[in-house]
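**Student:** Work from the hints to combine the two standalone chains into their complex.
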Amino acid sequence: MLGKGRLKEIADSVLRAAKGDQTEVVIQADADQLTRFAENTIHQNVAETNVSIRVRSVLGKKIGVAMGNDLSEEGLAKVVRNAESIAGFQQENPDFRSLPGPEPADTVDIFSESTAMCTPARRAEGVEAILRRSRENGLKAAGAFSTSTAESAVFNSLGVAAYQRGTSANLMTVVMSEDSSGYAAQAAKDVNELDPQEVGRIAVDKALRSRDPQPFDPGAYTVFLEEEAVATMVFFLGYLGLGALPMQEKRSFLTGRMGEKVTGENITIWDDGLDPEGFSLPFDFEGVPRQKVMLIENGIGKNVVYDSFTAGREEGKASTGHSLPAPNMLGPIPIHLHMAPGSASREEMIASIERGIWVTRFHYTNPVHPVKTILTGMTRDGTFLIENGEVTRPLKNFRFTQSILEAFANARMLSAETKLTKSGFGNIATFAPAAVIDGFRFTGVTEF
Amino acid sequence: MREYTDRALNTVESQGASYADIRIVRRENQNINVKNGIVQTLSLTDDFGFGIRVIADGAWGFASSNRLTPEEIDRVAAQAVTIAKASALANTEPVDIGPPEVHVDTYKTPVEIDPFEVSLEEKIDTLLAADKEARAVQGVAIAQGSMGFLRETKTFASSEGSFIEQTLIESGLGLVARAVAEGEVQQRSYPNSFGRHQGTAGYEFVKRWDLPGHGRQMGEEAVALLSAPQCPSKQTTLILDGPQLALQVHESCGHPIELDRVYGTEAAFAGTSFLTTEKYGNFRYGSDAVNIVADAVTPGGLGTYGYDDEGVPGQTTDIVKHGQFVGYLTSRETASQLRKTHPNAPERSNGTMRADGWNRVPIIRMNNVSLMPGEWSFDDLIADTDDGIYMVTNKSWSIDDKRLNFQFGTELAYEVKNGKLGRMLKNATYTGITPQFWGGCDAVCSADHWNVWGTPNCGKGQPGQVAHTGHGTAPARFRNVRVGVMS
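As they're listed, the protein sequences go chains B and E.
Each number in this note's numbering corresponds to the 1-based position in the first sequence with 260 added.
Each number in this note's numbering corresponds to the 1-based position in the second sequence with 1078 added.
Quick caveat, the hints were computed from the structure, so don't treat them as lab data.
All the given hints hold, so there is nothing to weed out.
Here are the computed lysine-lysine pairs in the DSBU-like style, where the Cα-Cα straight-line distance is at most 35 Å:
(1) E/K1113 - B/K321
(2) B/K338 - E/K1113
(3) B/K632 - E/K1312
(4) B/K510 - E/K1504
(5) B/K321 - B/K268
(6) B/K521 - E/K1504
(7) E/K1504 - B/K562
(8) B/K552 - B/K521
(9) B/K321 - E/K1285
(10) B/K552 - E/K1113
(11) B/K577 - B/K632
(12) E/K1186 - B/K338
(13) B/K577 - B/K321
(14) B/K321 - B/K562
(15) B/K338 - B/K279
(16) E/K1210 - B/K338
(17) E/K1113 - B/K562
(18) B/K552 - B/K577
(19) B/K656 - E/K1357
(20) E/K1113 - E/K1210
(21) B/K321 - B/K552
(22) E/K1418 - B/K656
(23) E/K1312 - E/K1399
(24) B/K656 - B/K679
(25) B/K656 - E/K1312
(26) B/K679 - B/K562
(27) E/K1285 - B/K510
(28) B/K321 - E/K1210
(29) B/K264 - B/K338
(30) E/K1113 - E/K1285
(31) B/K632 - B/K562
(32) B/K632 - E/K1495
Just a few of them, taken from the derived set where beta-carbon distance is under 10 Å, the chain E residues facing chain B:
(33) T1160
(34) T1350
(35) W1475
Counterexamples of contact, computed for chain E against chain B with all Cβ distances above 10 Å:
(36) T1184
(37) L1246
(38) R1294
(39) H1400
Think of the CB as a built atom: it goes at the ideal place given N, C-alpha and C, for glycine as much as any other residue.
If we strip away everything but chain E, and leave its shape as in the complex, we get (with noise of 0.2 Å):
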């Protein structure tokens, strides 16, 4: 890839770009889909590609293409520069990417099974044993199982002199079970809804979360969900399981740290954020039992990576200390934007500038922002909780552009009375505001019940551009939560 990375990198010097980068990225996916005892869909997708990022007269560019050949790296070399040579004119101050960042380095996915080196009759089979166990359940219409397998190989270089070879791994796998009444689908999913579960881990992960084994209990669930009653409309304690909480992670903090929003640059699309630089280490975000750390080091999750694709380490980062709010998700230039109004703020960018493949530009991602354990166990949490609602499995999604009133509903959701679990409860929901919300943490459970979930469909960007995330969560509990919006 040497003599690629060099060309292009020479090619927009002699042009006039005082920082190039250069990614040259191959995807392999594999995804299996089965439904009702049929393979819906059976694909593998190869996807390659090349991108040049400058910044000349003092903007960026950047342009892309699926054809590496010399001829083509010169084109889209001039094309990167002649775009951030447009972009200089309608500028106020020259781009600032802080100091150099010089890496020569290999990274791989550490891995058990190699997933693409699995038969696709194994998958197969332990898709189709799930649907099976699912609509044994006799009212289950619909059972719907998945598995999703990622491999990327990237070679960052740039014009600072680094050179760096990636592979990550992924596997992915999810299993729904529908029920349908008049007017009336209710659904189950495991180990997480929306999406699958997913890791950077071989195809021991999808051993581990053993899908034929929950078959039953999803389907089970989603048919007794149909006669439950209501969730009731009030205010009262909520107990969130993991992969709720996983989410409101991401929705709530995950989001709202993204140093670019903070700046705006995501203002008329995601939207911007009520975390403001003026909040930096002066703000309450949430109680004593909330602490939140980012970090793209945690084995397995779907946020772990070895540099990001400025070619920035991945690395560990305090978001929120016993409740305060301390640090943000940054990239080069917004850590270098932000030392100009806080000079004790890290000189570095933490290394969480992603990229959707060869054709995106990258922009601040979450890797695995993650809620730490407290030291409840879930049973001695239900035990001390007289009164309120215990909620599972995301099942809707919503909150405003600064990302402070929030609604969620879940697939699943218990009375809590007395300390004990009671009558399944339907169509539960919440709603709240950020700070309000985490300021009501009063127990996160201990380490034995957490886990990184991993989110691969988060959207952000213009063009549009998914990322993949990890979310370490145990089952919490917040007190004076809104619930039940919907009559």
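Chain B with its partners taken away, still in its complex shape (with noise of 0.2 Å):
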């Protein structure tokens, strides 16, 4: 942990080098460790620290940036000198109107202490409890054991310096036979929120229920989707159309629909970077506070996010506080995502199926037709047959093709709950309830 003080020395370095018309200093500190073990063995042990600096200099209209992560006076010039040498090559971009002013913004409490302490002891421990588990089974383990620190900041020339720190620990674990593997995972700020044992059980009892898996015919079938599988598809809806480009580009689902229906009335999701349950950070990467957006209320499209750039474009706008690190192509995207729950037990859910099949989760996910928002995937780690309404047989896993708002529109009932579903990319998390899904799509299926 470099603090808050620290972090400002730096910037401040920066900015006193800095002899553009604007500039902005964006730091990342981390400490990350990582646990991770396969076949009932730890094999990968990992520790990181690092600090990576980023300067986003402002001549006229014209923009550079320049990263780096020496963190000497000398080293800190470099970045800066290489960020104003860079824009001075560059072209006005007439979109750009200003670095954001300093704004005032809340203030999250997403730091653990015990995370931050971990130990790589104290992590095999955990690890060691799903190993366990599964040898007693005769079952091989895989998996990881994660916890980070991280401490974000930007500041700029016009008085903006926000700050944050907060940890997170995840683990995750693929429990297997011969032919079968069972799927747990669970994340949260306080390593101690963390319970290896139940993980361990999840994985293991899903597992040992889904050998001897039979192939099934594709077709469009009701489903059951775990909260994991529905997470993906909230993040691609994310990814895909809920930023202000892809609609200013005319390429988004819900050009010339906003206002429109465009998923069932019990379909309700929003972006809040502000909530204490996920892994918040209460500001952008230019600093600016994170505003909760509404983004598809009752099936309605409400909204889409903004960062300051797609907001300059737009008469009127502003920006809600969702940029990514300067420079990106992507724009502004939400990634602190909520589902909106509904009111069934799970067993509630399984009792309405005649005749579905229970998805733990999808496997290497990408869109097929992004306007559609159709997408393609597989099934994997646990996958059941589930007839009048109970689990009856597994079943070798599945492709699917499928469009996520033809989804959200036949989603007949949410769970009452939802679970925080981590992505693999920095902390990018989504809530999202389970879901009973009529007519999902499976166009293919493998031999496992």
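**Tutor:** Now the structure itself:
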């Protein structure tokens, strides 16, 4: 931990050295540890300490960005020189207005001393709890137990001075037999909230229940999607069309449909970077306070998120605090997504399905047709047949090719509880319920 | 650097490590993105640090830092040993990395024109010219061009006595033109899609691929796609162009031959492999026409280097010979493990362990995994095809976690009728099961059509790592493929 004072000293050094009209410095100080296991043994155990500096220099309407991780005065001055030098080579960007000015921002406490001080021995103990249960059942466990401390800060020459420190702890496992696998994961700010015994119990149980899977014809079926599978679809909805840039370029699924019904009435999705239950970051990578933005409300397309650049293109728009680190070509994206829960219990949801398929999670999901929100991917780590309201047998994994909007138009039940699912990228995390969806399209089947 | 590497290796040895290596790595990146006539992003990155990998108490530990000072080396070295000893708490067997690898050498990517010596003005002018050509076509809504250059200098030293210094230089470029209609976006990319085409080469690589000379064609094809008919859904003959075939090789051959995946160490994240060890030397992967080689020595390939990040020399390995599966990508540890069940397997690693910078541990990564050329000319291949579809440039991809069931989409497709290319088709996709698909390969075009395509965005590992890989391909034909699953 460097602390706000040290990060401000670094920023002051950068801003003192800067000669541009406007200058922004983004500092990311990380300490990450990860214990990885497979075949019931720890095979990789790593730790990293890094501080990266990102300087955006503005000369009139010319912008240059440089990055480095040398914190010496000379190193910082070099990053500034590089940013200003390449800004000098730039053309003027007519869409650029200004770096943001300072605004009061909320603070969110997402720091856990226990996580920051977590030792490799402590992570090994957690891993061993999973491995023991796996060995006892004649199975093989793989997975990762990671703990991270992150300090994020944005300073600029207009007076922005934003700082946040936070921690995260993640434990995930896939437990396998010769012909089956089971998955479980937990994520929290405080490592003490993780329950390795429970993670191991769920994954082992699912691996045992999914043995001897049978092939099943692809087709359109009612599905029970666990929370992680729903979170994958919510994440892609945000990535594909809930930012201002695809709207401005007329390639969002909301293009021409803002204010119209795009999903079922039971679907409400918003972004909230201030929710202390998530991996909150109360400001974006320009230092603008994050706003809670309602994106889809009761099935109606409501809003997209903005950074200062895309907001500057539209009369009367202001940044909603959703910029990504400069430079980026993606535009602003919602990364703290929430999907509203319903009111059903898991038992009620399963009982409601006459004939359908239980999906634990998806694998290697990618867009096929972004405007129609069509994704393809595989099921993984626990796929079961449901008949007359009961889980009857494990199935071999399917390929799906399915529009998210169509799926969310056919989501007839949502669970009363939502679960936080962390993606593999930074602290992007999504709260989503489990869902029962009719007519979900499976277009292929694999051999296991 | 010797003073730092010696200090690290001496420190970990004194704390009980039985093996150690240190990598000191600097990466300099220059990236330029142009969109609709404006330079959207222009950035320079300078990233530096070191990582120490140790075996202590028979288990692995790794720690890294961005501050190369004597005190920090002492701290990180001690941390690596502490982590290894914690790993040993849950280990069942000690790590075995096989016979020692001792090399003292230097390697540098041969380049004609140092890309970091070429002015930004020249690069920007080239991108703007390509962008202008693409947008000269009526109906093109978005044109986007990019260039990227990398210089990586790294020093590797091990407790076995290796000391290797390498400088790798990469150059890459790409252009995409997008046309937008209601509910439809179509795009065409050149020379390749997603993350551009890249090689270990200097600025001569950029000149060779001539972005401005292809801007107009990309624009015209993107606009034409908007009104093209949908690719039909049927079982048919499929011909793939080089870039799409490169991704097919990457996903359905390159990943499943990674021996760490086979042994399950990626099981929880990227997945495992259907090419389990009982199939080694004993499994028909494809037809007789299928010959696949992994190498780190093809000039200009994005997977070309002198030594991997375990200090093992880059080399060439047969993977599939006349359809028969014969080789894996290995590390020192997995090569040693394979020998225990297959005594005829090579004693040493074939040198494919690479790390995504100083702060990541090396894992098995593809180098240049290539489908070797056949004897067909492209024109003869089309002329020899009565009915089928020719698909060009990847647009979407997905494959299961054992690398069997895949589905790809391409930007562009054409009907093939009676030996001639016919109508343009949009939203083309195809799907299959890996050994069946490669078993249906009955023709591969010749060396005249062969190129090593760069894939600079291969994800694997936890924490996540991105590798740069190469794939040599020429267009090839596949029988009885399911196309057009999307309605």
